[in-house]
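Chains as they are written, first to last, in the numbering used here: chain A, 1 to 337; chain B, 1 to 337.
Worth flagging that the hints you see were computed from the coordinates, not collected in a lab.
Predicted, not measured: the structure shown is a model, and the values here were computed from it.
Quick reminder that beta carbons are idealized off the backbone N, C-alpha and C, glycines included.
Some hints could be false.
[Unchecked claim] Now the in silico label distances, taken between C-beta atoms and shown as ranges:
no.	chain 1	residue 1	chain 2	residue 2	range
1	B	Leu27	A	Arg307	50 to 56 Å
2	A	Leu27	B	Arg151	33 to 39 Å
3	A	Gly90	B	Ala224	52 to 58 Å
Here's the letter readout for the chains.
There are 2 protein chains.
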Amino acid sequence: MPAFAIGVDLGGTNLRIAAVGEQGRVLEKVTTGTAVARGRDAVIAEMCVAIQEVAARHNAAAALAGIGVGIPGIIDLESGMLRESPNLPGWHDYPVRDEIERRLGSRVLLENDANCAAQGEFWMGAGRGSQDLCMITLGTGVGGGIVLQGRIWHGMTGMAGELGHITVVPDGAPCGCGNRGCVEQYASATAIQRMARERALADGSPELARLANDRAFSAQDVFALAQQGDRSAQEIFHQVGLMLGVVVAGLVNALNLSMYVIGGGVSGAWDAFAPSMFEEVRKRSFVYVATAPGTEAASRRRTHITRAQLGSDAGLIGAARVALLAEEHQIHQTARR
Amino acid sequence: MPAFAIGVDLGGTNLRIAAVGEQGRVLEKVTTGTAVARGRDAVIAEMCVAIQEVAARHNAAAALAGIGVGIPGIIDLESGMLRESPNLPGWHDYPVRDEIERRLGSRVLLENDANCAAQGEFWMGAGRGSQDLCMITLGTGVGGGIVLQGRIWHGMTGMAGELGHITVVPDGAPCGCGNRGCVEQYASATAIQRMARERALADGSPELARLANDRAFSAQDVFALAQQGDRSAQEIFHQVGLMLGVVVAGLVNALNLSMYVIGGGVSGAWDAFAPSMFEEVRKRSFVYVATAPGTEAASRRRTHITRAQLGSDAGLIGAARVALLAEEHQIHQTARR
Chain A
1 MPAFAIGVDL
11 GGTNLRIAAV
21 GEQGRVLEKV
31 TTGTAVARGR
41 DAVIAEMCVA
51 IQEVAARHNA
61 AAALAGIGVG
71 IPGIIDLESG
81 MLRESPNLPG
91 WHDYPVRDEI
101 ERRLGSRVLL
111 ENDANCAAQG
121 EFWMGAGRGS
131 QDLCMITLGT
141 GVGGGIVLQG
151 RIWHGMTGMA
161 GELGHITVVP
171 DGAPCGCGNR
181 GCVEQYASAT
191 AIQRMARERA
201 LADGSPELAR
211 LANDRAFSAQ
221 DVFALAQQGD
231 RSAQEIFHQV
241 GLMLGVVVAG
251 LVNALNLSMY
261 VIGGGVSGAW
271 DAFAPSMFEE
281 VRKRSFVYVA
291 TAPGTEAASR
301 RRTHITRAQL
311 GSDAGLIGAA
321 RVALLAEEHQ
331 IHQTARR
Chain B
1 MPAFAIGVDL
11 GGTNLRIAAV
21 GEQGRVLEKV
31 TTGTAVARGR
41 DAVIAEMCVA
51 IQEVAARHNA
61 AAALAGIGVG
71 IPGIIDLESG
81 MLRESPNLPG
91 WHDYPVRDEI
101 ERRLGSRVLL
111 ENDANCAAQG
121 EFWMGAGRGS
131 QDLCMITLGT
141 GVGGGIVLQG
151 RIWHGMTGMA
161 GELGHITVVP
171 DGAPCGCGNR
181 GCVEQYASAT
191 AIQRMARERA
201 LADGSPELAR
211 LANDRAFSAQ
221 DVFALAQQGD
231 RSAQEIFHQV
241 GLMLGVVVAG
251 LVNALNLSMY
261 VIGGGVSGAW
271 DAFAPSMFEE
281 VRKRSFVYVA
291 TAPGTEAASR
301 RRTHITRAQL
311 GSDAGLIGAA
321 RVALLAEEHQ
331 IHQTARR
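Please take these sequences and the hints and turn them into a complete structure.
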């Protein structure tokens, strides 16, 4: 009987659940009305009901291998608890994994949401066929995930891949993490809004000033303005690309992977920031230059820097993959005994 | 019969050879008079004679597992050729590995010298007992090596670990690699000399000005001045620590390893640059803060940032280790067939 897994994306605002086949096909996708703001007990209870409903519809045709849950925040992999999550207040020191396992009787794996997205893109998206992948997710904040030889690189305590808090400007804009000049301050949706307000006050175009006066304007609005040819808006995305390029170049120099993927909502503005990003990476990484697409010397082994392909499904698919890999690993271990 | 390996350090000026036992003991260490400037054929010929002499003295008591050669530059691991080496002009596209193998009839592995140093420190130095390690080598330039789960992380084309060319100041000092603001421009011996000259011309102390007037002054001289309490010299090392801290913080955020090691000649000035380095890492990495030595929450799993322990032997020992690991791997593969 074929296997499937449940992938869960426990976002800051709502909850999404998918059943994913062992070959990576999304069998079903559900967005529940669960408001995360209602608190952990309500969320966990409704999540478990929804998982059971989804799983029940596929149990006849395939065997449930496990449940992977992607969570924004820092997870203690050993204990299955959330160590820190700005978007899930009150979940600290709550045994998330054990609570879900107890209610459902199935194996549950928690994973950082950006790591899930990286695993999803590696498996079924931009990274298909790659050996390794590094993904930077540009959303409200900037997250990251590193996949080495098919597995998420967790590091010593599961905190690897905090790429959004790499310093790009030592004396730069203050960041919520306590540092200054983190790339999150230049390449997130929040940063684009801030830069738009700053530029509107300084030397921006009248159109940008009008936009920035609207309290509800979004990074997407700034991108629309850039697409209409507004120079001030274009310069903001030029800055996004520049800063991203510095970070990507550093990661190419350090890790020399074959695949770097830019995802998250802001990656929709690819056309506006990618040119300056590539220009910086070329300037700042001879490892990239030696292995760039189009380089003759590296015809077989190239460094690719590309857009994510799965959109917001990356996290769901990746969470399911995490559960499937854990199951495979267990079967493998048992067979070896 | 126990095994041993030969480790070779083919530096920019001379050639060192060691016999290293499989437990990591240095059985013998030789520095040959071979001047690398005499060209590749002379160097390879003399290297092979010297290796044979050293090996012959240990062949009776132990079996030669292989020969590891550390080389400054970019190595094509598959072909065993040097792709690029500023310190070894004329060696480009020369089949270094095959030439040595042909003459000696033993298995030879080429490896980047900074990778060898990282593997040496991991095996017998500061990283003993660690799972993973990242080493930054501060010499004439700045090199790096990353060891993950006991193995050098090569990346796709063997160019991983080029940590010296990570950007720390986007608009900073121009670097020989074509980039601006590489950490090599702030933390190498060459950079310390440049910063001393710059400061002597600007607002430096009379002592620093006197030193910088001497054409033959070294980074070591600047350190001596700093130790004597000279504020200008101290500020130079403060800058070294600051820039190193930015890079180390980024690597902690990205990889979350347990061990970061600072080696190379400049690491002798540890007392002068380490305080500002640690201050920067604390500011710029919450991954470090959460796992720093002394943090209660991370009593078992800590991020260590420390000085290298093996000095210039790290590369020799690491090169031998590379050969021993390759031999182990081969035995393991054969046993599985």
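Do the hints match the structure? See the list:
Between Leu27/B and Arg307/A the C-beta distance comes to about 54 Å, which sits within the given range of 50 to 56 Å. Between Leu27/A and Arg151/B the C-beta distance comes to about 38 Å, which sits within the given range of 33 to 39 Å. The supplied range of 52 to 58 Å is met by Gly90/A and Ala224/B, whose beta-carbon atoms lie about 56 Å from each other.
Comparing the model with each numbered hint stated earlier shows that all of them hold.
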